[in-house]
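Trainee: Residue-level listing of the chains:
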Amino acid sequence: MAIKILSVDDSRTIRLIVGKAFRPYHVTIVEAANGEEGLAAAAREKPDLIILDVTMPVMDGVTMLTKLKEDPALKAIPVIMLTAESGRENVLQIARLGVRDYLVKPFKEDQLIEKAGRCVTLEKRPAAAPV
Amino acid sequence: MPPPPDINQYKEIARRYGIAAAPESVSRLTQLVARQDSCVDDIVRVIEKDPGLSARLLRVANPRAADESEYTIGTVDEALLRNGIGCALLLAMGTPLSLALTKTFQTMLSLKLESVDLHQLDTLTGLHMLGSIGFAGKVAGHVYLRLSSASATAIAASILGLPPEELGTDEIRDAAGELLNIMTGNFKSNLCDAGLDCKLQPPQVGMTDDFSTPIEPGGGLERLAFRADKIEIFVEVSANPWSD
Chain A
1 MAIKILSVDD SRTIRLIVGK AFRPYHVTIV EAANGEEGLA AAAREKPDLI
51 ILDVTMPVMD GVTMLTKLKE DPALKAIPVI MLTAESGREN VLQIARLGVR
101 DYLVKPFKED QLIEKAGRCV TLEKRPAAAP V
Chain B
1 MPPPPDINQY KEIARRYGIA AAPESVSRLT QLVARQDSCV DDIVRVIEKD
51 PGLSARLLRV ANPRAADESE YTIGTVDEAL LRNGIGCALL LAMGTPLSLA
101 LTKTFQTMLS LKLESVDLHQ LDTLTGLHML GSIGFAGKVA GHVYLRLSSA
151 SATAIAASIL GLPPEELGTD EIRDAAGELL NIMTGNFKSN LCDAGLDCKL
201 QPPQVGMTDD FSTPIEPGGG LERLAFRADK IEIFVEVSAN PWSD
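Residue numbers (this note's numbering), protein chains in the order written: chain A, 1 to 131; chain B, 1 to 244.
Hints may be right or wrong, so weigh each one.
[What the hints assert, rightly or not] Dumping the calculated DSS-like pairs for lysine-lysine here, alpha-carbon to alpha-carbon at most 30 Å:
| id | chain 1 | residue 1 | chain 2 | residue 2 |
| --- | --- | --- | --- | --- |
| 1 | A | Lys67 | B | Lys11 |
| 2 | B | Lys112 | A | Lys67 |
| 3 | A | Lys69 | A | Lys115 |
[Said to hold, decoys possible] Computed footprint of chain B on chain A; a stretch qualifies when at least three of its residues, placed anywhere within it, have a C-beta under 8 Å from a C-beta of chain B:
| id | region |
| --- | --- |
| 4 | 21-31 |
| 5 | 37-45 |
| 6 | 121-127 |
No lab work stands behind these hints: they were computed from the structure.
Just so it is clear, CB atoms sit at the ideal spot from N, CA and C, and this is done for glycine as well.
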């Protein structure tokens with residue numbers, strides 16, 4: 001069965017890059033554009049992993065993470081932060097809330113796969129036959 | 001004032017997550033500029049230890065020179081004495097942006113972006129893409145990103161791994177906005193770590209033919225230019241580090 005990953009980022013560019021990174025694997029990507037949509041998607045889809053941005057409109061990533069960790073049904077879902085913000089206070093606050101990993105933008109797709117692979121088992125799709 | 005974050009705890013978490021710190025010289029310079037009573041000698045010592053910072057300061061201090069042979073101001077000490085702490089302010093603001101932009105190109109576009117003198121690039125004319133992000137708090141200002149439509153399209157195509165003809169206006173604008181977001185997020189982290197707490201506003205991206213850049217009251221304006229293959233980028237930062 002495919003692993004389900006929820007990508008929460010207000011940038012469509014980042015959501016596309018995340019989708020592209022996991023394309024070679026048996027992964028279903030669910031997308032949300034802010035923390036509020038992200039929480040709703042997490043409750044509905046029960047993803048195996050959440051990849052979460054910090055600065056977003058409507059509800060930011062720190063607020064979403066806080067609410068996620070307060071919800072008994074969702075708090076065990078591993079979260080990888082994917083953000084350009086690497087300031088000390090931000091990192092400490094997020095680490096204390098409980099995240100599995102932290103990836104600072106700019107990032108390489110390989111780095112994201114490596115960190116995701118430490119949280120869930122990623123299985124490669126068979127290579128497409130040459131046309 | 002909130003207590004300073006636990007440095008040792010941060011270092012342990014940063015090591016575990018593989019988070020790289022900003023260069024020591026940039027952090028130290030930002031901290032010195034953040035204090036209004038810093039002594040010029042302390043600032044000189046920090047800049048002199050970093051060849052990149054020294055070169056940029058001398059470039060800023062000799063605006064009319066075509067190259068180093070035409071410099072009339074040849075030392076860091078002289079540049080700061082003649083131009084004041086404003087020069088250090090420009091370095092402290094521009095350097096993290098420059099580092100973040102070149103790192104983004106190298107990491108996500110596999111392109112080596114070079115910092116070049118403004119006069120080495122063709123001037124943008126007419127309608128072009130302008131992105132801006134405001135930041136407010138102990139330091140206030142805006143970061144601006146200007147580029148031609150052709151450069152914006154090339155960047156979006158490279159980031160997304162798609163042919164340019166498959167890209168719509170929304171994808172191109174979103175990619176430019178994300179580039180600005182990454183650059184400014186790194187910049188903001190450096191400011192916050194130096195004690196200049198601030199928050200970012202959402203990025204705005206659109207087309208314009210207006211080349212005027214508003215300067216933050218009481219602050220300065222730094223203009224930077226970059227080139228990679230056919231891509232040309234102009235970055236401007238206007239900031240007042242003592243806004244509160």
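Trainee: Taking beta carbons only, do three or more residues of the region 37-45 of chain A come closer than 8 Å to chain B?
Mentor: This one is violated; 0 residues, fewer than the three required, reach chain B with a Cβ under 8 Å.
Trainee: When I compare C-beta atoms, does the region 21-31 of chain A have three or more residues closer than 8 Å to chain B?
Mentor: Answer violated; 0 residues pass the 8 Å Cβ test.
Trainee: Regarding the pair lysine 67 (chain A) and lysine 11 (chain B), is the alpha-carbon distance no greater than 30 Å?
Mentor: holds, 27 Å
Trainee: At least three residues with a C-beta closer than 8 Å to a C-beta of chain B: is that true for the region 121-127 of chain A?
Mentor: violated (count 0)
Trainee: Checking one constraint from the list: CA of lysine 112 (chain B) to CA of lysine 67 (chain A), max 30 Å. Satisfied?
Mentor: violated, 41 Å
Trainee: Can the restraint linking lysine 69 (chain A) and lysine 115 (chain A) be considered satisfied, given a maximum Cα separation of 30 Å?
Mentor: Distance ~20 Å between lysine 69 (chain A) and lysine 115 (chain A) Cα, so the pair holds.
Consistency note: the structure conflicts with the earlier hints numbered 2, 4, 5, 6.
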